[in-house]
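Enquirer: Listed below, chain by chain, are the residues.
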Amino acid sequence: MSLANSIYSTLFRKNYTMLATVFAAGFAWEIGFNSTMDKIWDSNNRGRQWKDIRNKYVEGGEDEE
Amino acid sequence: MAPLATASRLCVRSAAVAKPAVRALSSTAVRQADAPAPGAASYTSPFKGESKANKIPDFSKYMSKGSETSNKLFSYFMVGTMGAITAAGAKSTVQEFLVNMSASADVLAMAKVEVDLNTIPEGKNVIIKWRGKPVFIRHRTQDEIDQANKVNITSLRDPQSDEDRVKRPEWLVMLGVCTHLGCVPIGEAGDYGGWFCPCHGSHYDISGRIRKGPAPLNLEIPEYDFPEDDKLIIG
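Sequence order for the protein chains is A and B.
So that you can map any letter, position 13 of the first sequence is 13 in UniProt numbering, and since no number is skipped, the others follow by simple counting.
So that you can map any letter, position 32 of the second sequence is 32 in UniProt numbering, and since no number is skipped, the others follow by simple counting.
The set of hints was computed from the structure by calculation and includes no laboratory data.
Listed below are the simulated SDA-like cross-link pairs for lysine to any residue, each with C-alpha atoms no more than 25 Å apart in a straight line:
#1 A:K14 - B:M78
#2 B:K133 - B:P121
#3 A:K39 - B:G89
#4 B:K133 - B:S104
#5 A:K51 - B:A109
#6 B:K72 - A:R13
#7 A:K39 - B:V94
#8 A:K39 - B:T93
#9 B:K91 - A:I40
#10 B:K133 - B:N118
#11 B:K91 - A:Y16
#12 B:K72 - A:A24
#13 A:K56 - B:D106
#14 B:K150 - B:N125
#15 B:K91 - A:A24
#16 A:K51 - B:E96
#17 B:K65 - A:Y8
#18 A:K14 - B:A90
#19 B:K65 - A:I7
#20 A:K39 - B:V99
#21 B:K91 - A:S35
#22 B:K72 - A:L19
#23 B:K112 - B:G235
#24 A:K14 - B:F74
#25 A:K51 - B:A103
#26 B:K72 - A:T21
#27 A:K39 - B:T86
#28 B:K72 - A:S6
#29 B:K65 - A:S2
#30 B:K167 - B:A111
#31 A:K14 - B:V79
#32 B:K91 - A:E30
#33 A:K51 - B:A105
#34 B:K91 - A:N34
#35 B:K65 - A:A4
#36 B:K91 - A:W41
#37 B:K72 - A:A28
These numbers were taken from a predicted model, which means no experiment stands behind them.
The following block holds chain A by itself, in its conformation from the complex (with noise of 0.2 Å):
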């Protein structure tokens, strides 16, 4: 249980590190969430948008805008 304890005294004892604690999870969790959910909307849609589409119309010009 020493793991266990390293953790509640390192992360969570004191205020401030929980807050940021929080935070930083917050943040990494929405970056996850927010590549799953498109990646699933990808897979949902493939060969539907423009970028799976694009070699068909656009020869070669990757560079354009």
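Assemble chain B onto chain A, guided by the hints.
Expert: Chain B in isolation, oriented as in the chain A frame:
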């Protein structure tokens, strides 16, 4: 009268009994030596005549098996997770509202206009469309620059020197919207050799400053830049 007398006698008796009763009450908080150890199946009351309803049930089945540290860690972990998800949701909500208010992609695509200055000869006006509004570009001659600089600034309605209105004196770039009611002035017209608004007769000089008529301000200057010698980017 009789019931009252018995009642008062009862009161007196209960007052006399009160002291040991209080002691007994307080001793319940401290576990007595002959009481069973915590976590045992039953708890014997120190009082006499206790009914079954007064027995404290055994909660040891529901007690956590983990140690204090791991329980604390778990609780704070759940609280922190909740807080993290809530913070991410709140941030996302605020961000979506702010993104909603900013310019959309089709507006941003129109936001910048590039002009090749080689195609504009000296002494000519060019009108281009920028963000849905006309923009006047005039390639001024040296005579016109001198004329714009000669004007006494303090006599103007909206005092502005010609240097404040141009980045390069030969190129005058301004929004072609009359500051009075938003008509588009006509170039190379009016009493001052600049622009003339046909709607209500405002005269602008060769620097786009209001000289005569109802308009209150000079013609507006948009953001622009010369990235190369013969290229102009508006926006």
